[in-house]
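For this one, chain Z is given, so just place chain A with the ligand on it according to the hints.
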Amino acid sequence: MHLSEPKQVEMFWMMLLARRLDERAWVLHRQGKIAFHISGIGQEAAQVGAAFALRRGEDWVVPYYRDLALMLCLGYTPREFMLSLMGKREDPSSGGRQMPSHWSLRRVNVVSHSAPVATQTPHAVGVALAIKLRREDKVVLTTIGEGATSQGEWYEAVNWAAVHRLPVVFMVENNGYAISEPVEKQMAVEGAAARACGLGLEGVAVDGTDALAVYAAVARSVEKARSGEGPTLIEARMYRLTPHSSDDDDRTYRTREEVEAAKRRDPLLRMRQHLEAQGWLTPEGLERMEAEAKALVEDAVDYATRAPYPAPEEAAYPVFSAEVRRG
Amino acid sequence: MARLTMREAISQALWEEMERDPKVFIMGEEVGVWGGTYAVTRGFYDHFGPERVRDTPISEAAIVGAAIGAALVGLRPVAEIMTINFAFVAMDHIVNQAAKLHYMFGGQMVLPLVIRTVGGGGRQLGATHSQTPDAVFAHFPGLKVVAPGTPADAKGLLKAAIRCDDPVLFIEHATLYQLRGEVPEGDYTVPIGRSKVQREGRDVTIVTYSKMLDISLKAAEELAREDIEVEVVDLRTLRPLDMEPVLESVKKTNRAVVVEEGWKSYGVGAEVAARIYEEAFDYLDAPVKRVAQVEVPLPYNRTLEQLALPQVKDVVQAVKEVL
Ligand SMILES: Cc1ncc(C[n+]2csc(CCOP(=O)(O)OP(=O)(O)O)c2C)c(N)n1
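Sequence lines, in order, name chains Z and A.
Each residue of the first sequence is one higher than the one before, starting from 1 at the first, in this note's numbering.
Each residue of the second sequence is one higher than the one before, starting from 1 at the first, in this note's numbering.
Pulled out of the complex, with its shape left as it was, chain Z reads as follows (with noise of 0.2 Å):
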């Protein structure tokens, strides 16, 4: 399961371009030019990881909300991030219809997820069905927060996967916190891995700010998926560095110190001491990525900024399928 040096430096790539995106969405929020967001900061290395350990574009994911960083490795591109930021018509998730960071990119088979959440489980489990039934060769991953594995839909799903030995790599970003409660309050147990062991599949802990280390767990687990050996529970253990949304004030729920002490062991910071480490990313190579990504970015926004918003006529359709409009 060893990365060569060029995808090591594409995966610290792709975490470096959604931290910037992400970022910039922050700003934005704060000058009020977008409604809402939802951050992924903080776990982009689990989402780079598990999406390199995939055959993008054919594997299906049934992701959740702070996936931008899994998003951006399948191929979702930074104006489409802010297309949908700005509820713009060309968003390509849903033209302006649902919140920001609810995917759905039917060109790389993203199946849309909703914001209840884990409901996006039992669609998982579906959507591995029908590969079985079918006799595809190909995997699904879906990703879940800790907190959401609360849910009993989240159970019935993942039972059943179990059972049907179904080919689906469930993976929980446990970034410590739900909303305000943090883990404890969520479950008795130690960490959503070891929810695994009643439902009848294997469970694995792993560093979840570790890109490398969660690109070998997921790869084994989408090797044991495709050989017909049932589904894998992971959890990828990390921090939210940001507040939930931009709806929330996290200092009412955890300290000041708590969370400078995360970004210590911050994902970026730490694929980047790697690279550095390897002699992969030299400063001048890090100066040009940054630049890059800040141009991208600035497109983006650019781009986004001066697209058109949904007509008023499109609030009316399409409820049903005849109603779409294509192309």
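Take these hints with a grain of salt, some might be off.
Claimed, not checked - Simulated restraints, written as ranges between beta carbons of each label pair:
(1) E223(Z) <-> D165(A): 55 to 63 Å
(2) H164(Z) <-> E321(A): 40 to 48 Å
(3) F88(A) <-> T255(Z): 35 to 43 Å
(4) R226(Z) <-> E51(A): 47 to 55 Å
Honestly, the hints are just simulated from the structure, not real lab data.
All C-beta atoms in this analysis are idealised placements derived from N, C-alpha and C, irrespective of residue type, glycine included.
Relative to the frame of chain Z, chain A with the ligand by itself:
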């Protein structure tokens, strides 16, 4: 009288009931340390402690299910469902259990349960955070459904709900928490199942509730400048539905418009209009008009969202159409 916001009024009701009766306790997602998604229970955790102000896992079915269990054996839980959209996750407990246990078992055990939740759109939160499915819940016999539109009613009705031995779904509106109004001093309740005339007028009756009360009162102001006097009846409770003030008003004005935020099909307006036709048909000088949400999942984009929600101008226009 004090001028309070809706948030303060609801918060006071809960606080006073918890002080009054040790059997009352709160549980839900984020209700404790965070003080609730809409800050209604801010300060409760420190004052009443984690025993009575319980942060739960993200498990709506268990929140309502466990509240039912606790209520059946004599406690008075106030279960909070973060938004009404997530009540669908707990639908079995709400409509198959809470609404039916008392009847199915011949009234052996009462179910003094309050489910507090938040409905409504207008905050750009997308279709699955913005619904107004009040009528869906009001469909089920056995479940009381309350949706206040003023701070005074919110306080009095919530206190009544907590003291009530039946399950009550108490629906607050996401965009009304800052609304200010006069609230009586001291302990008082507002009876569940009583509609109220919130503005008197002779020309047209508007029947409405919750956020649409505010919209309707604004429309009434506008119409008054054109010398059209609208009477606004606030349902306040959707089940049991009190039609008396509505029918009395219609008998006086001979015209009615029903304004609701939810979708028109099979909605509150459909029910109210049907009852008016059944019980006051001979008094009507025009067909009853309904103002409601455009029949789409509520879009995120602000322009589209506002377009889909009923606005003051829609109410004004509907009133003019029945004149
Ligand atoms: C069924 C349901 N209940 C409640 C919510 C409100 N809500 C949105 S995100 C969230 C916390 C989720 O925490 P977690 O699963 O740990 O993911 P994180 O946001 O921390 O990544 C909650 C309670 C929801 N969206 N859906």
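- request: List in ascending order the numbers of the hints, as given earlier, that are violated by the structure.
  value: 2
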